[in-house]
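So the protein lines, in turn, are chains Z, S and H.
Under this note's numbering, think of the first position of the first sequence as 1, with each following residue one higher.
Under this note's numbering, think of the first position of the second sequence as 1, with each following residue one higher.
Under this note's numbering, think of the first position of the third sequence as 1, with each following residue one higher.
There's no promise every hint is true.
Pairwise CB distance ranges, derived in the manner of DEER restraints [to be verified]:
| hint | chain 1 | residue 1 | chain 2 | residue 2 | range |
| --- | --- | --- | --- | --- | --- |
| 1 | Z | R587 | S | N120 | 20 to 26 Å |
| 2 | S | V24 | Z | I319 | 22 to 28 Å |
| 3 | Z | S66 | H | R169 | 32 to 38 Å |
| 4 | H | P84 | Z | G591 | 47 to 53 Å |
| 5 | Z | I439 | H | V12 | 33 to 39 Å |
| 6 | H | R169 | Z | L61 | 43 to 49 Å |
| 7 | Z | L61 | H | V12 | 52 to 58 Å |
| 8 | H | Q65 | Z | E513 | 41 to 47 Å |
| 9 | Z | P421 | H | L4 | 40 to 46 Å |
| 10 | Z | F25 | H | A166 | 17 to 23 Å |
Every beta carbon over 12 Å from chain H, so not counted as near; a handful from chain Z, in silico [as the list claims (entries may be wrong)]:
| hint | residue |
| --- | --- |
| 11 | E4 |
| 12 | H91 |
| 13 | D150 |
| 14 | A223 |
| 15 | L279 |
| 16 | T308 |
| 17 | R309 |
| 18 | F328 |
| 19 | G362 |
| 20 | L382 |
| 21 | F501 |
| 22 | A509 |
| 23 | E539 |
| 24 | M625 |
Partial list, computed: chain Z residues near chain S (C-beta under 7 Å) [said to hold, decoys possible]:
| hint | residue |
| --- | --- |
| 25 | N353 |
| 26 | L355 |
| 27 | V363 |
| 28 | A508 |
Think of the hints as simulated: they come from the structure by calculation, not from any bench.
Only a predicted model underlies this, so the values are computations on that prediction, with no experimental measurement involved.
Positions of the beta carbon are idealized from the N, C-alpha and C atoms, including for glycine.
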Amino acid sequence: MIAEAGLAALWLAAALSALQLALAFGLGGEQGRSLPTIRSVALAQGLLTLLAFGALIAVFLNSDMSVLLVAENSHSEKPWLYKFAGAWGNHEGSMLLWVAVLALSGAVVALFEHRLDERTLGATLGAQAALALGFFAFLLFASNPFERLDPAPLDGRGLNPLLQDPGLAFHPPTLYLGYVGLSVAFSLAVGGLVRGNFGPAIARAMRPWVLAAWVLLTLGITAGSYWAYYELGWGGWWFWDPVENASLMPWLAATALLHSVNVLAARGGLRAWTMMLALIAFSMSMVGTFLVRSGILTSVHSFAVDPTRGTFILALLAIYIGGALTLFAFRIAHVKEGSPFEVVSREGGLVANNLILSVILGVVFVGTLYPLLAEALSGEKLSVGPPYFDSVASPMALVLAVLMMIAPQLKWRRDAAPILPRVAPGLLVAVAVLIASVILAPNIGMLPRFGLAIGAGLLPASLLPLFGRSLKRTPLAIWGMAIAHLGVAVAILGMASDSAFTEERLAAARPGETISIGPWLVEFRNVMPVAGPNWTALEAELRASKGSGALVLNPQSRFFPSPPTTTNEAAIDTSWNGQLYAVLGERDEQGRWQLRLWWKPFVTLIWLGGILIALGGALALVGRMVRERRQRIRGEEAFL
Amino acid sequence: MKVKPKHQRLVLVVLAAAAMIGAVLLAMWGLQDRAAYFVTPSDIAAGKAAPDKAMRLGGMVEKGSLKRDPDGVTVRFTVSDGKSETPVVFRGITPDLFKEGSGVVAEGRLDPNGLFVADNILAKHDERYMPPQMANEVAAR
Amino acid sequence: MSRLLRFLPLLVLAAFVAAVAWRLGKPAEEEIRSQLVGQPVPAFALAPALPGRAALASSDLASGQPRMINVFASWCVPCIAEAPLLMELKRQGVTIDAVAVRDRPEDIAAFLARHGDPFDRIGSDPESRLQLALGSSGVPESFIVDGRGIIRYQHMGPIEPDDLPAIMREWEAAR
Chain Z
1 MIAEAGLAAL WLAAALSALQ LALAFGLGGE QGRSLPTIRS VALAQGLLTL LAFGALIAVF
61 LNSDMSVLLV AENSHSEKPW LYKFAGAWGN HEGSMLLWVA VLALSGAVVA LFEHRLDERT
121 LGATLGAQAA LALGFFAFLL FASNPFERLD PAPLDGRGLN PLLQDPGLAF HPPTLYLGYV
181 GLSVAFSLAV GGLVRGNFGP AIARAMRPWV LAAWVLLTLG ITAGSYWAYY ELGWGGWWFW
241 DPVENASLMP WLAATALLHS VNVLAARGGL RAWTMMLALI AFSMSMVGTF LVRSGILTSV
301 HSFAVDPTRG TFILALLAIY IGGALTLFAF RIAHVKEGSP FEVVSREGGL VANNLILSVI
361 LGVVFVGTLY PLLAEALSGE KLSVGPPYFD SVASPMALVL AVLMMIAPQL KWRRDAAPIL
421 PRVAPGLLVA VAVLIASVIL APNIGMLPRF GLAIGAGLLP ASLLPLFGRS LKRTPLAIWG
481 MAIAHLGVAV AILGMASDSA FTEERLAAAR PGETISIGPW LVEFRNVMPV AGPNWTALEA
541 ELRASKGSGA LVLNPQSRFF PSPPTTTNEA AIDTSWNGQL YAVLGERDEQ GRWQLRLWWK
601 PFVTLIWLGG ILIALGGALA LVGRMVRERR QRIRGEEAFL
Chain S
1 MKVKPKHQRL VLVVLAAAAM IGAVLLAMWG LQDRAAYFVT PSDIAAGKAA PDKAMRLGGM
61 VEKGSLKRDP DGVTVRFTVS DGKSETPVVF RGITPDLFKE GSGVVAEGRL DPNGLFVADN
121 ILAKHDERYM PPQMANEVAA R
Chain H
1 MSRLLRFLPL LVLAAFVAAV AWRLGKPAEE EIRSQLVGQP VPAFALAPAL PGRAALASSD
61 LASGQPRMIN VFASWCVPCI AEAPLLMELK RQGVTIDAVA VRDRPEDIAA FLARHGDPFD
121 RIGSDPESRL QLALGSSGVP ESFIVDGRGI IRYQHMGPIE PDDLPAIMRE WEAAR
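Please build the complete structure, drawing on both the sequences and the hints.
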């Protein structure tokens with residue numbers, strides 16, 4: 001029953017999105033008059049999709065095996081958290097989640113957006129309805145999550161044990177919220193293009209969505225990176241895997257958009273460029289979803305290949321992006337020139353930021369799709385991995401970090417005063433660290449060396465915009481920028497330290513043997529069987545000591561009976577100066593166990609940096625919203 | 001430096017175009033010798049794979065070929081595509097679905113003696129998994 | 001120039017869509033036929049999958065009569081869909097042996113009790129060894145072996161009602 005109710009809600013919501021699209025096109029009469037109707041239609045549509053998603057969660061929690069999706073992805077013995085997360089841990093469920101968030105954000109725009117004129121808002125809601133309609137059709141015709149299975153099986157197939165992990169349960173939804181947040185920026189840009197409205201009002205309406213989406217994407221990517229780090233047991237934190245790139249590309253575009261939207265909102269400049277970025281950011285979200293969902297590029301996060309679904313999403317993608325880009329090409333000539341600025345100015349710095357981010361986005365995009373292109377053109381099969389991305393994208397990222405030391409110090413419009421004194425602290429620290437690293441650690445690679453230097457220089461430089469201000473009076477947005485830039489510095493330091501100083505030991509050891517790594521002496525004590533809720537495992541006991549302190553690490557080799565699968569659970573100990581990481585392998589014929597150990601100095605800074613970046617974004621978001629609210633209230637008072 | 005407002009948009013457009021062209025050039029330069037080609041043991045036997053270049057080797061782990069070195073962490077095995085065979089050496093913990101007679105993709109380099117030195121071994125946790133490149137090779141026969 | 005540039009993003013999109021559409025039109029994971037069709041069954045001897053049931057070995061197959069081998073698992077959803085059709089094949093006189101892949105006796109017993117038990121012998125293949133030796137790439141799969149122990153036919157994926165005539169034809173041919 002619940003499943004049928006969910007399906008019915010989905011159909012109704014799809015019909016409402018068609019109605020909303022028709023109303024926005026003006027078929028329902030005069031634009032202005034139909035706006036209240038559009039608002040209520042958007043709200044009803046959002047609530048209905050929420051209901052459908054709730055129904056899906058309910059059938060998963062009840063372990064209703066007569067629903068095909070539950071039978072294929074869940075199991076009655078599974079802990080309830082994974083039953084719950086299982087609802088979106090699969091293709092159909094995750095697409096339903098995507099549509100639910102899309103429809104809900106449409107409803108939020110319809111209810112709370114008051115900065116825009118009615119016509120632009122109507123066109124925006126029309127674009128949002130068009131997006132929703134396509135994805136409803138995709139769900140209903142190509143991936144119905146509520147399909148029944150007759151006869152119902154005794155129990156389900158379980159969830160891939162690799163995916164049975166609290167981090168992963170909340171990782172995809174975070175990314176999806178980010179992707180969908182960018183859909184609003186896309187719709188606003190389309191609305192602006194349709195109505196010829198490119199003013200700061202559009203940018204102000206766009207900014208909170210871009211900020212929120214960007215914060216969530218940052219958190220999602222950070223969490224995904226940590227998940228891959230501890231779950232895959234390879235000791236790496238970023239693999240330049242197509243699925244990872246799929247989330248990185250929208251983030252890069254959103255980062256560029258985040259900076260240019262500020263220029264448009266504050267100074268009225270970079271109009272066409274901001275519109276273009278808003279279109280690209282969501283396009284990258286769709287391209288990313290498509291690449292992951294169609295399974296067209298093979299990756300460690302495997303999802304099944306399904307040509308029908310792939311074709312469907314590809315068609316949607318071609319229609320939406322193609323339509324928006326065509327609109328852009330024809331309307332952009334009508335954009336009025338923004339206010340002028342000089343090369344050396346805050347605007348100039350932000351243009352440079354946007355250009356570098358675009359180049360990084362370009363090389364990641366080309367590298368991710370090159371295998372496809374090469375096979376299409378020459379039939380050669382190849383894969384593009386870390387050697388490529390590390391050598392083309394990472395140096396560009398460091399150039400960007402150098403720019404981050406300078407640009408926030410520049411004034412808007414024109415900056416005639418000498419710049420060097422303002423950026424000296426950061427540059428001095430960077431040069432000092434560079435020289436120190438050459439003397440103290442002559443054998444590390446170029447990239448980590450410059451990473452250490454530039455990361456260290458950016459630490460003080462990122463805080464300089466706060467310097468000389470009354471900290472209490474400083475707007476939250478400035479705090480946000482400083483903290484986000486500080487996060488970038490911290491993350492770069494973590495990445496550079498990890499690649500420069502990581503030690504690795506691979507050994508076959510008998511119980512009682514000792515392995516030395518970094519500052520640690522690790523004693524391999526024994527291996528014992530242990531059992532969990534739905535798995536059994538062999539667990540090693542490792543006693544790691546350095547100086548006076550000692551601790552115990554328990555890496556496991558886990559066996560899940562349904563479906564029968566083995567996974568390696570790494571054991572990680574975090575101390576203030578790094579992580580000790582241990583993986584247990586197989587036993588050989590002579591009774592020795594394979595052990596793989598890593599000592600990774602300051603690797604945690606990578607994710608700490610990610611969290612700081614997101615925190616900075618969140619502060620800026622709150623600051624902007626509070627400030628706009630205050631201005632609106634003040635405006636209303638003045639009107640009275 | 002002062003840019004006339006009239007020309008500002010043109011300058012920005014040119015910059016954007018230059019950035020995109022730069023990205024493509026940078027990507028092409030990077031891809032030239034950093035893309036790992038997928039090879040089969042037959043390709044290696046035919047001399048199509050240059051030594052010391054990153055590549056991915058796909059095939060089946062030959063039955064009875066899997067041996068562990070006395071150090072306990074180095075495994076040696078033979079990858080076969082039914083026509084030719086390539087010896088592979090790998091230091092590390094093998095994925096659990098890695099078994100004799102199963103499909104495998106090894107990432108690494110070919111040394112001058114024709115031994116494939118793998119840095120990484122990929123196996124999928126999927127019941128029906130077959131490296132797609134491998135599937136093409138098998139289907140082509 | 002700037003007019004041309006306006007359409008550049010569209011061109012990039014067109015190239016992307018073209019490359020991807022080409023890839024979608026040419027499915028990468030084609031079905032992989034076992035290379036053993038026409039060849040003798042590889043030698044094997046499996047333990048019984050259920051206590052008290054007859055086990056399965058290659059020597060049981062060259063019995064002078066054709067037999068069908070069904071590779072299945074209790075944790076496999078398509079196997080449930082296939083179960084009634086196996087019962088139908090048994091009714092039409094097909095002798096079916098089973099290979100239970102990576103499975104547990106209690107699960108197999110529950111599966112057979114619920115979905116019917118068309119099997120003569122059931123062997124247990126806990127590590128997919130036989131499955132791989134047969135060149136089977138997943139579950140369920142079915143093979144028809146003739147009276148001399150030669151594999152005559154391989155059916156990949158669940159048997160569906162439409163497949164019955166073809167399977168019966170192969171069965172008659174293997175006699």
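Checked hints:
| no. | hint | result |
| --- | --- | --- |
| 1 | Z:R587 <-> S:N120: 20 to 26 Å | holds (22 Å) |
| 2 | S:V24 <-> Z:I319: 22 to 28 Å | holds (26 Å) |
| 3 | Z:S66 <-> H:R169: 32 to 38 Å | holds (35 Å) |
| 4 | H:P84 <-> Z:G591: 47 to 53 Å | holds (49 Å) |
| 5 | Z:I439 <-> H:V12: 33 to 39 Å | violated (47 Å) |
| 6 | H:R169 <-> Z:L61: 43 to 49 Å | holds (47 Å) |
| 7 | Z:L61 <-> H:V12: 52 to 58 Å | violated (44 Å) |
| 8 | H:Q65 <-> Z:E513: 41 to 47 Å | violated (58 Å) |
| 9 | Z:P421 <-> H:L4: 40 to 46 Å | holds (44 Å) |
| 10 | Z:F25 <-> H:A166: 17 to 23 Å | violated (52 Å) |
| 11 | E4 | holds (21 Å) |
| 12 | H91 | holds (15 Å) |
| 13 | D150 | violated (9 Å) |
| 14 | A223 | holds (28 Å) |
| 15 | L279 | violated (8 Å) |
| 16 | T308 | violated (9 Å) |
| 17 | R309 | violated (10 Å) |
| 18 | F328 | violated (7 Å) |
| 19 | G362 | violated (10 Å) |
| 20 | L382 | holds (14 Å) |
| 21 | F501 | holds (40 Å) |
| 22 | A509 | holds (26 Å) |
| 23 | E539 | holds (22 Å) |
| 24 | M625 | holds (32 Å) |
| 25 | N353 | violated (11 Å) |
| 26 | L355 | holds (4 Å) |
| 27 | V363 | holds (5 Å) |
| 28 | A508 | holds (2 Å) |
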